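Asks: So you can see what is in the structure, the chains are spelled out below.
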Amino acid sequence: MIEIEHLHKKFGSNQVLKGIDLEIEKGGIFAVLGPNGSGKTTLIKSILGMVIPDSGIIKLDGKKVKGQWKYRNEINYLPQIANFPGNLKVKELINMIKDLRSGTNAEDQHLIELFRLQPFLDKKLSNLSGGTKQKVNLVLTFMFDSPLIILDEPTTGLDPISHLRLKDLILTEKAKGKTILITSHIMSFVEEMADEIVFLLEGKIYFKGSINELKTKTQQPDFEHAIANILTTSDA
Amino acid sequence: MKHLSYFSIILLLLLSTSSYGNDLEVCKSCTYKSIKEAVEKAAPFDTIYVKEGTYYEFNIEITKPLTIIGENNPIIDGKNKGEIITIQADNVTIDGLTIVNVGTSYTTDFAAVRVVKSENFLLQNLKLQKLFFGIYLEKSNNGKVLNNTITGDAVHEYSSGNGIQLWYCRNVEVRGNTIKKVRDGIYLEFSDEILISDNNSSGNLRYGLHFMFSNHDTYINNVFANNGAGVAVMFSKFIIMKNNTFKKNWGSASFGLLLKEINDSEISHNTFEENTVGINVEGSNRVTYTHNDFKNNGWAIKVRGACYFNVFEKNNFLYNSFDISYNSRINDNKFHGNYWSNYTGYDLDKDGIGDIPYRPVKLFSYIVNRTPETIILLRSLFIDIIDFSEKVSPVFTPDNLLDENPLLKPIRHD
Amino acid sequence: MLKILKYSFFDLMRSRWSYVYFLFYLLLGVVLLFLNNDLSKAVITLMNVIIILVPLIGTIFGVMYYYNSREFTELLLAQPVKRSSIFLGQYLGVSFSLAMSLVIGLGIPFIFYGIFNSSAIWDFSLLLITGAFLTFIFTALAFVIALANENKIKGFGYAILLWLFMAVIYDGLFLMSLMYFENYPLDKFSLIATMLNPVDLSRVLILLKLDISALLGYTGAVFQKFFGTNFGLIISLAMLILWVLIPTGIIYRMAKTKDF
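Chains as they are written, first to last, in numbering that gives the first Met the number 0: chain A, 0 to 235; chain B, 0 to 413; chain C, 0 to 259.
None of these hints come from the bench; they were simulated from the model.
None of these values were measured; they are calculated from a predicted model.
A portion of the hints provided could be inaccurate.
Stated by the list, open to error - In silico DSSO-like cross-links for lysine-lysine, where the CA-CA straight-line distance does not exceed 27 Å:
id	chain 1	residue 1	chain 2	residue 2
1	C	Lys5	A	Lys132
2	C	Lys40	A	Lys123
3	C	Lys257	A	Lys97
4	C	Lys40	A	Lys90
5	A	Lys9	C	Lys255
6	C	Lys40	B	Lys390
7	C	Lys40	B	Lys349
8	A	Lys65	C	Lys40
9	A	Lys123	C	Lys255
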């Protein structure tokens, strides 16, 4: 599904990605983990073409993404911080995104009901709370039927019920055989959802494998300690 | 006095034609086949009628009082061989002829019609084309040049002549003529008491009207447009210039009106529109400028030194790039009660007169005088800023040059 | 790109600032015409407004819009839309709405005043055309500045500086160099210097209508040709177009490599 070779990226003098080689197979949930500043978001944005890598190759289904834009039709992306143009109403925003991706069918009605967004449809985005914005964000992400879904911190600001619905949603998509890429700080969420872990440390892949493999490797009984172990050993 | 003399001329003409004159006719089938022949045979005070047709003639010399009248536009074609008609007698009238192809020479000023040392002449309704000089009056007095149309095809100053030229003449009326594309439309030298009115002198190579050493002359209701250099009045006194229009005289050495060494004259009710320089004044004293309109000129008035005791009153200065330009810091002229469209002051006591004086000379005009290329910065914010600072405390421009009573509304001249 | 343009445009049409801008011009037009009652004077005042204020508003608005619409941009970047389309669409959206506010805001009072029956119609249309050009030019320059500066404050600072330079400082330097080198033939130099600043360029374009009598007073052959024929008008318009195209091209190139 995704092949990444020798990916480098520097912001000013800050070398964020120092040669990432990564292959993500089709189908399943992959969690991209790592401490703050390890390059998770940069990696994801590189796949999306929002960040232009200094060197390295990213391929999606065998095709290079550099300079391309049509491949984004195959990706649903949930950005980390739900920033929307404040002048627009929720309804308008949804219609606009649909308009921009014309040609693909959108399943927004069902999602709006799921997250109980009907009362907010005619409100301006600048007047919404953080959680509601995140729900709108989720609607925008899941309303298209794309083989790759990228979620950057999807749980931010969600109430417990929405949280549950989100998990259901992710699992349904997984069941359809989609590839889902998630970054999250909530370890329980990752442990529950992820089939495979990609651990980034200082711009490099430190670990890639299942949670069990991670536990074995770090010789820790549970996931959270395993992560903590990586961080402390690497600091030392 | 003047009226009386006109009256006597008319009376004389009437008498001459009606009481003594016989009629002669010139045409292809008449007794006289050429004008020259008829003129030769005619007795004094006869009238010659020239019928329709083209006559290839030149050097027609008239030495006795005659009246020549063209009927149905007869054409005299000089075939570029020389002068066409020369008048050397008093009381000659020429009316309604079309004269073409006057000879061009670098040594002799050939004219379509020349009047030499004669009085009481009347030249009217003539059409002169393809000419060198048009009408040339030489030491002749008390005559009239009326309603003629003179159309040249001048290209170079050195190979072209003037439309109407007066040299040492007195008391001549030049009225209702249309003069185009010659060197100088009307040229006066050493000619006094001339009345020039209702003429249109446009598109001429050099000046629409050119005065030299001529005093006590009046020109009114004329239009001078698109002339190479406008109108020049030089070395003359007691000139009255009224109700004339000076338009679109564009170019680096071009102006609506050039005054050089002009004293004791009056310029009023004229319109100066879209000229590079409305009036260019040099060495002129005691001239009054009243009720003139200066509209959309580059410079309304350019004063180039040695001008004293001139008065500018009740004029409208409308949208000129520069109102007044001075090349010295000394001012002995008076600006009073004019309307300036560039005036930005206020009138708190509502008397129609601005409460703060207007300074018509801007620092930028001084800069442009010095470095002409800077004109390209006209109306830029930077220039506005330096003009403003100069206005507040004049350093480069005459500080007593101001209109203490600028009007708030344009004047309606009656 | 047209879709982005459409959304940016309607987004702006709804913003308060567009109305403020529009109403400002409407008011200006009304005040100039109906309180002054003098068309020629109004056109001259308008020229000053257009060559000074329009660039200022274009720059500020352009920078402001870019920084304010970062979210929108990021949202779009994840969509299957061409990168350059996003920025060019936004740029054109801002420019069009600003230019429209200008043209309609000033146009309405002038139509009511009866511009169509007046000979000033050409001067006036030329004013509006240059105003529109300046809007496009300075908004583009503002986008370039904003694209180059992540820091909002810095971006605003540079934008204001750019305006100050183009509107005032440039002419000061220009004037000084003309006076310093006054013994040399300068007409070619001064025309080129004019072409290199869109504010001066627009001013000269309007001068061709308002002050042609004065401009023709200078002897230089290049000046004579430039001002005396249609040559000047054509060259100036071509340069204005170039002034729009070059920064737009820079936006296009910057958009390709910018990270978010």
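Asks: Are Lys9 of chain A and Lys255 of chain C close enough, with their CA atoms no more than 27 Å apart?
Replies: The given pair, whose Cα atoms are some 17 Å apart, holds under the 27 Å limit.
Asks: Please verify whether Lys40 of chain C and Lys123 of chain A have alpha carbons no more than 27 Å apart.
Replies: violated (45 Å)
Asks: Hey, Lys257 of chain C versus Lys97 of chain A, does the alpha-carbon distance stay inside 27 Å?
Replies: holds (25 Å)
Asks: Does the alpha-carbon distance linking Lys123 of chain A and Lys255 of chain C stay inside the 27 Å limit?
Replies: violated (31 Å)
Asks: Has the given pair, Lys5 of chain C with Lys132 of chain A, been kept, meaning a C-alpha gap of at most 27 Å?
Replies: holds (24 Å)
Asks: Just to be careful, I want the Cα atoms of Lys65 of chain A and Lys40 of chain C compared with a cutoff of 27 Å; is the pair within it?
Replies: Given that 27 Å is the threshold and the Cα spacing comes to 57 Å, the pair is violated.
Asks: Need the status of pair Lys40 of chain C, Lys390 of chain B: alpha-carbon distance at most 27 Å?
Replies: holds (20 Å)
Asks: Given the hint that Lys40 of chain C pairs with Lys349 of chain B, test it: the Cα-Cα distance must not exceed 27 Å.
Replies: Given pair Lys40 of chain C, Lys349 of chain B holds - Cα atoms ~21 Å apart, limit 27 Å.
Asks: For Lys40 of chain C and Lys90 of chain A, compute the direct alpha-carbon distance and say whether it is at most 27 Å.
Replies: The hint is violated at about 49 Å.
Going through the hint list in order, the structure does not satisfy hints 2, 4, 8, 9.
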